[in-house]
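Trainee: Single-letter residue listing:
There are 2 protein chains.
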Amino acid sequence: MKIIVLGGDGFCGWPTSLKLAGAGHQVTIVDNLSRRGIDLALSSGSLTEIASVHDRIAAARQHVGDVCHENTDIAKDHAALRDLIAGVMPDAVIQFAEQRAAPYSMIGDSERRYTVDNNITGTHNLCSALVDIKPDTHLVHLGTMGVYGYSREFGKIPEGYLDIEIKSTRQDTQILYPANPGSIYHMTKCLDQLLFQFYNKNWGLRVTDLHQGIVWGVETDETRLDPRLINRFDYDGVFGTVLNRFISQAVNDVPLTVYGTGGQSRAFIHIADSARCLQLAVENPPEPGERPRIFNQVSEVRSVRNLADMLADQWGAGIRYVTNPRKELPENELEVENAGLQSLGFKPTLLNNRLIEDVRFIADATRKNFNADNVLSSPRW
Amino acid sequence: MKIIVLGGDGFCGWPTSLKLAGAGHQVTIVDNLSRRGIDLALSSGSLTEIASVHDRIAAARQHVGDVCHENTDIAKDHAALRDLIAGVMPDAVIQFAEQRAAPYSMIGDSERRYTVDNNITGTHNLCSALVDIKPDTHLVHLGTMGVYGYSREFGKIPEGYLDIEIKSTRQDTQILYPANPGSIYHMTKCLDQLLFQFYNKNWGLRVTDLHQGIVWGVETDETRLDPRLINRFDYDGVFGTVLNRFISQAVNDVPLTVYGTGGQSRAFIHIADSARCLQLAVENPPEPGERPRIFNQVSEVRSVRNLADMLADQWGAGIRYVTNPRKELPENELEVENAGLQSLGFKPTLLNNRLIEDVRFIADATRKNFNADNVLSSPRW
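Chains as they are written, first to last, in our numbering: chain A, 170 to 550; chain B, 170 to 550.
Bound-form chain A, shown alone (with noise of 0.2 Å):
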């Protein structure tokens, strides 16, 4: 296949990249390097040392298979992502290039207008030029969980649609899960789902949303095969998912911070398993006609205490409770639907089997950037 992954070098475009070129796919990678650039305006970044983008091509194209980069801004050229959809004419598209942190969004007005801009734009850029171009593409997007939000009002999480009963007729019916995001950068991902259901209703665009649990890890089978492929590994407040926060402490002997009471649950996802499911995605498009498919992209749900807890038995961390800077439900149970990509062929990474395995990884490969301080950076909202 064709495929265009906008936001492929990112922490998780830039694995599902490798994944798909190892595969046999011929990629093509479309990013402005935006996440690169985040890094010195925080002066922060990854622990592991990633390779320019042109030498991570080069590794690639000898280790891995077909990819090569554009570097473009799809919400500021909307012409220059037609011409390139235009010339690739891909099978698939997945989109990666939105603002991925919630802490990032709730910075400030910049950083909620960066993400609601950048994330809408682009993403309706994308359906508007493709609808136009070649509208038998298959759109893969990348949910989050957080459009379900945390309650446990509405029962174990659906993949993507809720049964309900319309009071007033008596009716049952299927409906989008209500949103219910807890930050402006998941707000984003609820409007886009009404960008699919729209586009999919009037032009038939195919789409799988995927909404992914909270990534862990950072290597995979391919980044693995050079130094030059390594993934990066963001350990900061703002960008950093909590159990890489974690683990970044555990390897430098500083305890694991843990916001509020730690009951917070929460689905999780091994980097290496998000890749593969994005491969089954990919190959595996929705039928046409169908209605957006949403998959929830998870492998296990634990409570953040849970995950500090299995560090502190297995590596030895102390952990420290502190002040959670989110507004959030303090401790919530959760249980989460994710038969779609298993019934495709994943078969989830647990904890309990990789956990120890990436704590070493990280121990060897980065002690040095470590700055204790950045790991609580997170901003209060």
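Rather than coming from a laboratory, the hints here were simulated on the basis of the structure.
Note that the structure is a prediction, hence the values are computed from the model and not measured.
Hints are supplied without guarantee of correctness; some may be wrong.
A pair counts as met if it fits within one copy or between any two copies, since identical chains are not told apart.
Said to hold, decoys possible - Think about it this way: if two alpha-carbon atoms lie no more than 30 Å apart in a straight line, the pair counts; the simulated DSS-like pairs of lysine-lysine are:
1) Lys370 / Lys325
2) Lys496 / Lys325
3) Lys325 / Lys336
4) Lys516 / Lys171
5) Lys171 / Lys537
6) Lys496 / Lys303
7) Lys171 / Lys245
8) Lys516 / Lys496
9) Lys370 / Lys496
10) Lys336 / Lys370
11) Lys516 / Lys370
12) Lys370 / Lys171
Once you've looked at the hints, dock chain B against the given chain A.
Mentor: Relative to chain A, chain B alone:
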């Protein structure tokens, strides 16, 4: 009250600004005159001859009250918007500054993108500025009945929120009515709802969202006071609303062009009622902490065929059925709750009591500018 009216030079914005100024409020109109620019681009325009914004403001200050105008693009110049809010420190901001024509939003890629970018970026810039600068401001937004769609599946359309039972837990709850837009324009109003939901949840932003029916008519008590105050009257297939298109045809002895069977039932409201409802909404803000207040701003439900028949009976117009350019149900029933604004004092003007008066006004005021071809300029979708 100090009120900013974004988009205050437009078809609904202008009479609303006059209504508020006439009621003693201090009104700052913010408008980049984009609607006048689109007239030029589409080679169409108002049947009434509207004065320049300069002359409008002069006449309004002479006859009506305290009105001024700032030429600012709130989607493109967020800094100017922030300065404006900080300068005025408004009690309320009314957001009319969204591209408001479904057919315009469906012309092509450029218009789709313009509608999403202008509407979402503009409304989000406003939300983001308000929570920083004056978080207790009441944001009054023009939504549309089109957010609900026109299926009868969910029974009588409530005001924004739907009572449901979750099948899996058998629990009763109330959700934002599931979005079912019929155009890119309508879709943007669905996205807006999620912006308001989140800004209300996280920052307590006070919002009234008015899901307006199809507006008809042209005159209000205030626009009558001076020829320079006359409101615009669009009759073309892109910006003209259905009943105003019919009126323009009736007074020019051209058969009324009904899309499809005319069995589409829609909610309607007269422009003078619209301005009155805005006044009521502004003067009755939600309580602090209240969820976004949603009212259906409609006077009565009619089928398109029924409107055509009324004009045929009362004015002797002919009727011609043409292929429907839109994707919509060919026929539908519709029942709409509108108790909210009535509880604040709104008394709907009914078509039976007002239609002929408006037809006569248009017949007198505007016959000479009419171009029969413009009425059929809708794009197909």
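Trainee: Kindly indicate which numbered hints from before are broken by the structure, ordering the numbers from low to high.
Mentor: Numbers 5, 8 and 11, in rising order.
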